[in-house]
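J.: Residue strings, one per chain:
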Amino acid sequence: MYKTVEDYLADLKQELAGSDQATIQDALSDAEEHLRMAVASLREDKPDLAEETALQTAIDQYGSPAETAAAYAEVERRTAPGLSSGVNRKSRSFLGRFFGVYADPRAWGAILYMLIALVTGILYFTWAVTGLLFSVSFSIFIFGLPFALLFLLSVRGLALLEGRIVEALLGVRMPRRPLFGHPGMKWFERLKLLVTDKNSWLAILYMLLQMPLGTLYFSLLTTLFVFSLSLIATPVIQVVLKIPTVTIGYTGYFLPLWALVLIALGGILVATLTMHLARGIGWLHGRYAKAMLVTE
Amino acid sequence: MYWTGFSCRKGCLVVDQTALTKKLQKEMNSGIASLVLLSVLGQAKEPMYGYQIAKLLDDNSESAPLMKQGALYPVLRSLESSGLLESRVEPSVSGPPRRYYTITAAGRETLEVWTEVWNQTKSFVENILKGTGNV
Chain W
308 MYKTVEDYLA
318 DLKQELAGSD
328 QATIQDALSD
338 AEEHLRMAVA
348 SLREDKPDLA
358 EETALQTAID
368 QYGSPAETAA
378 AYAEVERRTA
388 PGLSSGVNRK
398 SRSFLGRFFG
408 VYADPRAWGA
418 ILYMLIALVT
428 GILYFTWAVT
438 GLLFSVSFSI
448 FIFGLPFALL
458 FLLSVRGLAL
468 LEGRIVEALL
478 GVRMPRRPLF
488 GHPGMKWFER
498 LKLLVTDKNS
508 WLAILYMLLQ
518 MPLGTLYFSL
528 LTTLFVFSLS
538 LIATPVIQVV
548 LKIPTVTIGY
558 TGYFLPLWAL
568 VLIALGGILV
578 ATLTMHLARG
588 IGWLHGRYAK
598 AMLVTE
Chain L
520 MYWTGFSCRK
530 GCLVVDQTAL
540 TKKLQKEMNS
550 GIASLVLLSV
560 LGQAKEPMYG
570 YQIAKLLDDN
580 SESAPLMKQG
590 ALYPVLRSLE
600 SSGLLESRVE
610 PSVSGPPRRY
620 YTITAAGRET
630 LEVWTEVWNQ
640 TKSFVENILK
650 GTGNV
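Top line first, the protein sequences correspond to chains W and L. Our numbering numbers the first residue of the first sequence as 308 and each following residue consecutively. Our numbering numbers the first residue of the second sequence as 520 and each following residue consecutively.
This list has only true hints and no planted wrong ones.
Incomplete in silico selection of chain W near chain L, CB under 10 Å:
1) S336
2) Q368
3) A380
4) V382
Straight-line distance between alpha carbons at most 30 Å, and here's what the computed DSSO-like set of lysine-lysine pairs gives:
5) W:K493 with L:K545
6) L:K564 with W:K353
7) W:K310 with L:K587
8) L:K542 with W:K499
9) W:K320 with L:K545
10) L:K542 with W:K597
11) L:K541 with W:K320
12) L:K541 with W:K597
13) L:K587 with W:K320
Keep in mind the hints are simulated off the structure, nothing from the lab. Since the structure is predicted, the reported quantities are computational estimates derived from the model, not experimental observations. Heads up, the beta-carbon is just placed ideally off N, CA and C, and yes, glycines get one too.
Build out the structure end to end from the sequences listed, making use of the hints.
T.: Here it is, written out as structure tokens:
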């Protein structure tokens with residue numbers, strides 16, 4: 308299957324995509340060292356063995372790229388918690404921690420999530436309301452039941468999708484595949500589980516609530532950022548564009564320089580606080596999404 | 520009790536025995552591998568590199584090996600980052616450089632504790648499996 312060690316390493320690298328950079332380095336160098344040693348030693352025992360065959364035997368014993376990647380991921384998961392790796396919190400001062408939020412991927416992920424939530428929130432809400440209304444009104448027809456079941460199934464699918472978004476942006480582990488049912492279960496049992504599982508209904512509730520929440524997140528974020536940006540821009544407007552900062556009636560007032568500096572600093576403070584707020588909301592929303600969408 | 524192919528009426532789960540066995544094996548291995556590797560290096564007179572250790576484990580297992588050789592390396596790395604092992608890379612005459620592992624003083628102390636834990640666990644599990652406990 309693999310002709311050279313390099314082919315194996317390329318596959319292994321692909322399987323490890325998304326892992327910590329250091330882990331990838333370790334895994335590749337370990338695999339290279341081992342496979343080359345194994346091939347050399349196998350061919351030493353049997354000199355007429357083809358290199359490809361020897362490599363195949365070595366890989367059989369070493370494990371496929373997927374297996375090897377899984378072993379590294381497992382150890383990495385057990386030893387280092389995902390997003391907090393690499394940041395040494397204890398050794399940093401208060402100011403460092405306060406402004407360190409700009410370097411925190413969780414804060415940026417949360418901001419992106421809060422922006423996206425407006426769009427997904429509207430989509431989820433529309434889908435849920437339409438599905439519910441049609442299910443209710445179709446219930447007088449013979450195809451009402453299949454329609455309702457289909458709708459519930461689509462809700463589970465959307466819940467899974469939302470889970471992927473939440474995991475990617477908020478760093479909360481969410482299921483990677485539909486968890487309802489077990490292999491070998493009859494389809495009738497599956498459907499029954501679909502209806503009786505409280506998470507199907509919680510997912511609908513989540514979809515409905517996502518619109519007000521998404522709107523709130525979006526407006527909160529844009530308001531605060533626009534406010535902070537306008538504060539930061541004040542000195543530029545007065546000093547460069549010569550436009551008075553304060554206008555009362557027909558009289559414009561220019562503020563002294565120290566006040567401008569204070570206002571700009573205030574803007575930076577508001578922006579940083581907004582980053583912290585976003586990180587906090589992201590954390591809360593991650594917990595909430597997990598509670599609503601994940602079947603225990 | 521028949522795990523495979525027993526008739527399944529209302530509400531029961533079909534048990535996928537091979538998957539469950541694999542899962543059990545994996546869960547047990549995650550602890551055992553650390554102990555085994557620490558013990559191998561504790562007995563070693565010279566620093567050892569990964570392939571050597573894998574070979575030694577293979578020679579010592581009567582049936583198919585418990586885990587793939589590739590799964591040993593991340594455990595070695597993790598033992599090193601916990602300070603139980605230390606390693607150095609040395610160039611080899613043929614092929615890529617090799618990483619040689621040695622046990623640290625902390626590793627030896629930990630190995631003693633772990634061996635004790637293992638003995639206790641082993642006798643406990645054996646007692647339960649034999650049914651010799653006071654049930």
